[in-house]
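Protein chains in written order, with our numbering: chain W, 1 to 782; chain B, 1 to 166.
None of these hints come from the bench; they were simulated from the model. On a predicted model such as this, the values are computed, not experimentally measured, just so you know. Keep in mind that the hints are not guaranteed to be accurate.
[Unchecked claim] No farther apart than 25 Å at their CA atoms in a straight line, the calculated lysine to any residue pairs in the SDA-like style are these:
no.: 1; chain 1: B; residue 1: Lys-145; chain 2: W; residue 2: Gly-715
no.: 2; chain 1: B; residue 1: Lys-92; chain 2: W; residue 2: Val-480
no.: 3; chain 1: W; residue 1: Lys-122; chain 2: B; residue 2: Gly-160
no.: 4; chain 1: W; residue 1: Lys-244; chain 2: W; residue 2: Asp-526
no.: 5; chain 1: B; residue 1: Lys-163; chain 2: B; residue 2: Glu-152
no.: 6; chain 1: W; residue 1: Lys-16; chain 2: B; residue 2: Pro-86
no.: 7; chain 1: B; residue 1: Lys-145; chain 2: W; residue 2: Val-480
no.: 8; chain 1: B; residue 1: Lys-92; chain 2: W; residue 2: Met-671
no.: 9; chain 1: W; residue 1: Lys-433; chain 2: B; residue 2: Lys-145
no.: 10; chain 1: B; residue 1: Lys-145; chain 2: B; residue 2: Gly-160
no.: 11; chain 1: B; residue 1: Lys-145; chain 2: W; residue 2: Lys-444
no.: 12; chain 1: W; residue 1: Lys-16; chain 2: B; residue 2: Lys-11
no.: 13; chain 1: B; residue 1: Lys-92; chain 2: W; residue 2: Lys-444
no.: 14; chain 1: W; residue 1: Lys-597; chain 2: W; residue 2: Thr-625
no.: 15; chain 1: W; residue 1: Lys-16; chain 2: W; residue 2: Lys-537
no.: 16; chain 1: B; residue 1: Lys-145; chain 2: B; residue 2: Gln-164
no.: 17; chain 1: W; residue 1: Lys-70; chain 2: W; residue 2: Lys-274
no.: 18; chain 1: W; residue 1: Lys-781; chain 2: W; residue 2: Asp-526
no.: 19; chain 1: W; residue 1: Lys-721; chain 2: B; residue 2: Glu-152
no.: 20; chain 1: W; residue 1: Lys-137; chain 2: W; residue 2: Asp-105
no.: 21; chain 1: W; residue 1: Lys-721; chain 2: B; residue 2: Leu-31
no.: 22; chain 1: W; residue 1: Lys-444; chain 2: W; residue 2: Ile-656
no.: 23; chain 1: W; residue 1: Lys-50; chain 2: W; residue 2: Lys-73
no.: 24; chain 1: W; residue 1: Lys-122; chain 2: B; residue 2: Asp-19
no.: 25; chain 1: W; residue 1: Lys-559; chain 2: W; residue 2: Gly-588
no.: 26; chain 1: W; residue 1: Lys-449; chain 2: W; residue 2: Leu-652
no.: 27; chain 1: W; residue 1: Lys-89; chain 2: W; residue 2: Gly-474
no.: 28; chain 1: B; residue 1: Lys-92; chain 2: W; residue 2: Thr-724
no.: 29; chain 1: W; residue 1: Lys-16; chain 2: B; residue 2: Ala-155
no.: 30; chain 1: W; residue 1: Lys-122; chain 2: B; residue 2: Leu-63
[Claimed, not checked] Taking CB as the label site, the calculated pair distances span:
no.: 31; chain 1: B; residue 1: Glu-29; chain 2: W; residue 2: Lys-190; range: 43 to 53 Å
no.: 32; chain 1: W; residue 1: Arg-778; chain 2: B; residue 2: Lys-159; range: 28 to 38 Å
no.: 33; chain 1: W; residue 1: Leu-393; chain 2: B; residue 2: Glu-119; range: 13 to 23 Å
no.: 34; chain 1: B; residue 1: Lys-159; chain 2: W; residue 2: Val-761; range: 47 to 57 Å
no.: 35; chain 1: B; residue 1: Asp-80; chain 2: W; residue 2: Val-493; range: 27 to 37 Å
no.: 36; chain 1: B; residue 1: Asp-122; chain 2: W; residue 2: Arg-778; range: 47 to 57 Å
no.: 37; chain 1: B; residue 1: Glu-131; chain 2: W; residue 2: Arg-443; range: 23 to 33 Å
no.: 38; chain 1: W; residue 1: Thr-710; chain 2: B; residue 2: Glu-119; range: 29 to 39 Å
no.: 39; chain 1: W; residue 1: Val-192; chain 2: B; residue 2: Gly-160; range: 21 to 31 Å
We put the CB at the ideal spot given by N, CA and C, even for glycine.
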Amino acid sequence: MGIEGVGARVARKEDKRFITGGGRYVDDMVVPGMKHAVFVRSPHAHAQIKKIDVKKAQAMPGVVGVLTGKELKADGIGNLICGWMIHSKDGTPMKMGAWSPLAVDKVRYVGDAVVIVVADTKGQARDAAEAVEITYKELKAVVEATKAIQPGAPQVHAEAENNLIFDWELGDGKATDAAIKSAAHVTRMKIVNNRLVPNAMEPRAALGHYDKAEDHYTCWTTSQNPHVARLVMSAFYNVAPENKLRVIAPDVGGGFGSKIYIYPEEIVCLWASKKTGVPVKWVADRTESFLADAHGRDHVSTVEMAFDKDNRITGLKVDTIANIGAYMSLFSSCVPTYLYATLLSGQYNIPAIHANVRAVYTNTAPVDAYRGAGRPEATYVLERMMETAARELGVSPAELRRRNFITSFPHQTPVIMAYDAGDYNASLDAAMKAADYAGFTRRKADAAKRGKLRGIGMSCYIEACGLAPSSAVGSLGAGVGLWESAEVRVNAVGTIEVLTGSHSHGQGHETTFAQLVTQRFGVPIDSVSIVHGDTDKVQMGMGTYGSRSGAVGMSAIVKALDKVEAKAKKIAAHLLEADEGDIVIENGEVKVAGTDKSLPWFQVALASYTAHNLPAGMEPGLKETAFYDPSNFTFPAGCYICEVEIDPETGLTEIIQFVAADDFGNIINPMIVEGQVHGGIAQGVGQALLEGAHYDASGQLLTASYMDYTMPRAGDLPSFKVSTSNTPCPGNPLGVKGCGEAGAIGSPPAVINAITDALGVVDIPMPASPATVWATIRATKH
Amino acid sequence: MSDVSLTVNGKRVSGSAEDRTLLVHFLREHLGLTGTHVGCDTSQCGACVVHVDGRAVKSCTMLAVQASGSTIVTIEGLADGAELHPVQAAFKEHHGLQCGFCTPGMIMTATDMIARHPEGLDEATVRAELEGNICRCTGYHNIVKAILAASETMAKGAKGKAKQAA
Chain W
1 MGIEGVGARV ARKEDKRFIT GGGRYVDDMV VPGMKHAVFV RSPHAHAQIK
51 KIDVKKAQAM PGVVGVLTGK ELKADGIGNL ICGWMIHSKD GTPMKMGAWS
101 PLAVDKVRYV GDAVVIVVAD TKGQARDAAE AVEITYKELK AVVEATKAIQ
151 PGAPQVHAEA ENNLIFDWEL GDGKATDAAI KSAAHVTRMK IVNNRLVPNA
201 MEPRAALGHY DKAEDHYTCW TTSQNPHVAR LVMSAFYNVA PENKLRVIAP
251 DVGGGFGSKI YIYPEEIVCL WASKKTGVPV KWVADRTESF LADAHGRDHV
301 STVEMAFDKD NRITGLKVDT IANIGAYMSL FSSCVPTYLY ATLLSGQYNI
351 PAIHANVRAV YTNTAPVDAY RGAGRPEATY VLERMMETAA RELGVSPAEL
401 RRRNFITSFP HQTPVIMAYD AGDYNASLDA AMKAADYAGF TRRKADAAKR
451 GKLRGIGMSC YIEACGLAPS SAVGSLGAGV GLWESAEVRV NAVGTIEVLT
501 GSHSHGQGHE TTFAQLVTQR FGVPIDSVSI VHGDTDKVQM GMGTYGSRSG
551 AVGMSAIVKA LDKVEAKAKK IAAHLLEADE GDIVIENGEV KVAGTDKSLP
601 WFQVALASYT AHNLPAGMEP GLKETAFYDP SNFTFPAGCY ICEVEIDPET
651 GLTEIIQFVA ADDFGNIINP MIVEGQVHGG IAQGVGQALL EGAHYDASGQ
701 LLTASYMDYT MPRAGDLPSF KVSTSNTPCP GNPLGVKGCG EAGAIGSPPA
751 VINAITDALG VVDIPMPASP ATVWATIRAT KH
Chain B
1 MSDVSLTVNG KRVSGSAEDR TLLVHFLREH LGLTGTHVGC DTSQCGACVV
51 HVDGRAVKSC TMLAVQASGS TIVTIEGLAD GAELHPVQAA FKEHHGLQCG
101 FCTPGMIMTA TDMIARHPEG LDEATVRAEL EGNICRCTGY HNIVKAILAA
151 SETMAKGAKG KAKQAA
């Protein structure tokens, strides 16, 4: 592999700027003449806008503009879209209400943007925002999806009767019902997946700059997919045609899904820049992030799992109600459907599955993909069911899982997915060994002597990365293709630039992607640069989410490298008067195999650009482009084991150990992969123990700051024991699967299985905070 | 408006700022030192930690005028020219950062933590001392590893220097 090639733990090339204060985030950008924006947001969860009076605000010091939704609409700016069409089981299309970037007649959640104020300083904009007078007529609000679908509940959008956006199903209902009817045992549970706020540490930001002379817009934005942002803002929001709009996502401080979507603020900043004639910058404060970033999860499911007399699963029936919030965010419709129900077979042979999903409007922030997006919800359903079933059936959780594992591949599930490769016993074995599972009974007894409650829980997850192929997702309702593009540009001196449509916001692409080039040509990693995040530089791209940058983004780079390699070999063969088939490229040299004839890499590059002596008919230059559209998803899987110790006096749960054994296929940089797993586990443990977004009945968000929403801190977590046992993915040239979301997908059920094991209860709601655990212990005692 | 005079990263600087200007905004907007970040509004996240007169301070908890007369070190001033501070080097070597947004605050907190614990650090102490710094990417695993490693490197360095002096 070489010290900088594929498989090496190469320290990150991008780190230097981050550790010396040289990172460049949107809030760091300064454009001459730039002014600052503050949004006036709805304080009500549901209200009619009766009157907006901006006169006082306009007269405040430093104010450049105070703009409303009416003016925005008059300029033809479009409503926000949802990019995935779902049809209900009766064949009707999803019932979507309008989402105007600035609310015009009605506000539907606390934080809904109503007015933008632009001023010389942020302080002045804030002062003027206070002076905007909006008269509301308050309406009754509904925040829980289960209540919103009841007759007579407040109606969020006129288009969706009883707030029901769609009533969708997947799988064979009749076969599943028959399996449940004839089962030797049926496990039944109501399973709640709590609402979360993604909380990337960099708050969202946008800087819109309209250049009057060129009639051209530039938008710096905290985006995971700048090209998608440009496409959507151009094609649907009528901000500007694509050739007149440049979108730059520079260093972005974490995303976790929340920065996929094109939000109202970037659209409004661009429009306001033209309107006011000055560049307009907006940076969210943290409370704004809590109120107006897309939230995650929020499912309530009723589940039945049927077993035969040999403890083999015969059927799984899932009825889920998904809270979509007040508006349909960009990918909100595919998260509780095609990213969720398609994973309900898990690692198991299940002959019959039926999932019914109702998506529901409420007066809360829009809900969309958050790290894992649908797969954590599916995994939580399945792995809580397996744990409960094992306890009911009196068999060990590991044994029940083993008995039902899929062991031969390819495997077609009853819910669309065709698994290509895996070895679920291997990761279960690895996890149990690393956790010293056999020694748990002794450790539990030791803890009991100290008055503590020990529990152990496992979770065997599967997920699907690199949503694909484009034709298949198109047939399921996706509005976009899910390929990736790459360009490999060899400069005349032999240094190499790789332009990628993937976007790195912490994933370390500048290093991992460069390792592919180093591996291929043997050039030093410092002579390779990865360029991303700018629509003027990179031809096209679909961005980074769904752990797709490895399986899809890197595969596109491999395809472009193939083309560069082929051309370089042709040139070298010509120069060295050898057969093209005998040329090999290694250690920065282009050689004729079995001879001492060779050329340094840079000479081949130079020859391509001087073009003095190229094979007849060959175009000059050494630069190639590729698009890669995968043939299938990839299927990372693994086993997580969590061991907890609970203090019954305080309800405090301590994680004694957390073991992750993953199968990610081939790995390019193990150090970076481990880092992804660590971060994912922390978010999953956060969901299980600490985090929860809570609205009161009137729709006020009670957890809108770090003083109210419990983020995992260093003291809440242990060091993790992570390992991999990999089966290469047969579907892409690198054999990679994806590792970005696994930790967040696999860990919540492992933690809750451990806590319920320790307490001897069937269920406990997430987050299992000390107060909840303490109350559960008290309730069990009496 | 108030006059603010500071020594920042070894240089004397002065300017005038609105009375309500926080130190973090003065550093970022008046001095262009954008390595210090703002991640929350409630002094919880620690992305804005700098050293004020040798102590780690959340620069969003202090007005610029309050800091007037102080000596301040930000992330931009930590390295010795081209040579990284041992804490910076350890964060890179141990993959103690991903998106980089919390990193300046983490590194400034860590250098202060190491200085306050000449006896050395253990994992439990590091985790407890990181209470005021939130990271969403790393799960803290490699941050803790990096701080422990830097603490050891610096202890060895200090011993080496003491030997040289003797």
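Here's how the hints hold up against the structure:
Between B:Lys-145 and W:Gly-715 the alpha-carbon distance is near 14 Å, which keeps this suggested pair within the 25 Å criterion. Taking the CA atoms of B:Lys-92 and W:Val-480, the gap is about 37 Å. The hint is violated against a cut of 25 Å. Among the hinted pairs, W:Lys-122 with B:Gly-160 is inconsistent with the structure: their alpha-carbon atoms are about 50 Å apart, more than 25 Å. Of the supplied pair hints, the one linking W:Lys-244 and W:Asp-526 is violated, its CA atoms being roughly 34 Å apart against a limit of 25 Å.
A hinted pair counts as satisfied when its Cα atoms are at most 25 Å apart, and B:Lys-163 with B:Glu-152 qualifies at roughly 17 Å. At most 25 Å may separate the alpha-carbon atoms for a hinted pair to count; W:Lys-16 and B:Pro-86 meet this at roughly 13 Å. At roughly 42 Å between alpha-carbon atoms, B:Lys-145 and W:Val-480 are farther apart than 25 Å, so this suggested pair is violated. In summary, the hint linking B:Lys-92 to W:Met-671 is supported, as the alpha carbons are separated by about 11 Å, within the 25 Å threshold.
Distance restraint check for W:Lys-433 and B:Lys-145: the Cα-Cα separation of roughly 24 Å lies within the 25 Å cut-off, and the hinted pair is therefore satisfied. Distance hint between B:Lys-145 and B:Gly-160 is fulfilled; the C-alpha atoms sit about 23 Å from each other, no more than 25 Å. Between B:Lys-145 and W:Lys-444, the direct Cα distance comes to roughly 29 Å. Violation of the 25 Å bound is thereby established for this hinted pair. Between the alpha carbons of W:Lys-16 and B:Lys-11 the distance comes to roughly 23 Å, so the proposed pair stays at or under 25 Å and holds.
Restraint check for B:Lys-92 and W:Lys-444: the C-alpha separation of about 39 Å exceeds 25 Å, so the hint is violated. Simply put, W:Lys-597 and W:Thr-625 have alpha-carbon atoms about 30 Å apart, too far for the 25 Å limit, and the pair is violated. Of the supplied pair hints, the one linking W:Lys-16 and W:Lys-537 holds, its CA atoms being roughly 23 Å apart against a limit of 25 Å. For the hint pairing B:Lys-145 with B:Gln-164, the CA-to-CA distance comes to about 29 Å; that exceeds 25 Å, so the pair is violated.
Proposed proximity of W:Lys-70 and W:Lys-274 is supported: the alpha carbons are some 16 Å apart, at most 25 Å. Of the pairs offered as hints, the one joining W:Lys-781 and W:Asp-526 is violated, with about 63 Å between alpha carbons and a cut-off of 25 Å exceeded. Note on W:Lys-721 and B:Glu-152: the hinted pairing holds, with a Cα-Cα distance of about 23 Å set against a maximum of 25 Å. About 11 Å separates the Cα atoms of W:Lys-137 and W:Asp-105, which keeps this hinted pair within 25 Å; it holds.
Under the criterion of a C-alpha separation no larger than 25 Å, the hint pairing W:Lys-721 with B:Leu-31 is inconsistent with the structure, at around 43 Å. With a CA separation close to 11 Å, the supplied pair W:Lys-444 and W:Ile-656 stays within the 25 Å bound. Restraint check: the Cα-Cα separation between W:Lys-50 and W:Lys-73 comes to about 17 Å, which is no more than 25 Å; the hinted pair holds. For a cut-off of 25 Å, the pair hint linking W:Lys-122 to B:Asp-19 stands: about 14 Å separates their Cα positions.
Note on W:Lys-559 and W:Gly-588: the hinted pairing holds, with a Cα-Cα distance of about 20 Å set against a maximum of 25 Å. Proposed proximity of W:Lys-449 and W:Leu-652 is supported: the alpha carbons are some 17 Å apart, at most 25 Å. With a C-alpha separation of about 18 Å, the suggested pairing of W:Lys-89 with W:Gly-474 holds against the 25 Å cut-off. With a C-alpha separation of about 23 Å, the suggested pair B:Lys-92 and W:Thr-724 falls inside the 25 Å cut-off, and the hint holds.
Restraint check for W:Lys-16 and B:Ala-155: the C-alpha separation of about 24 Å stays at or below 25 Å, so the hint holds. With a C-alpha separation of about 16 Å, the suggested pair W:Lys-122 and B:Leu-63 falls inside the 25 Å cut-off, and the hint holds. Checked against the hint of 43 to 53 Å, the pair B:Glu-29 and W:Lys-190 passes, with Cβ atoms roughly 51 Å apart. For W:Arg-778 paired with B:Lys-159, a C-beta distance near 54 Å fails the hint of 28 to 38 Å.
W:Leu-393 and B:Glu-119 have their C-beta atoms about 54 Å apart, which leaves the hinted 13 to 23 Å range violated. Range check, B:Lys-159 to W:Val-761: about 53 Å between beta-carbon atoms, so the 47 to 57 Å window is met. Look at B:Asp-80 against W:Val-493: about 32 Å separates their beta carbons, and that is inside 27 to 37 Å. Between B:Asp-122 and W:Arg-778 the beta carbon distance is about 35 Å. The supplied range of 47 to 57 Å is therefore violated.
As the Cβ distance of B:Glu-131 to W:Arg-443 is approximately 28 Å, the hint placing it in 23 to 33 Å holds. In this structure the hint that W:Thr-710 and B:Glu-119 lie 29 to 39 Å apart at CB holds, the actual value being about 32 Å. About 57 Å separates the C-beta atoms of W:Val-192 and B:Gly-160, a value inconsistent with the hinted range of 21 to 31 Å.
Going through the hint list in order, the structure does not satisfy hints 2, 3, 4, 7, 11, 13, 14, 16, 18, 21, 32, 33, 36 and 39.
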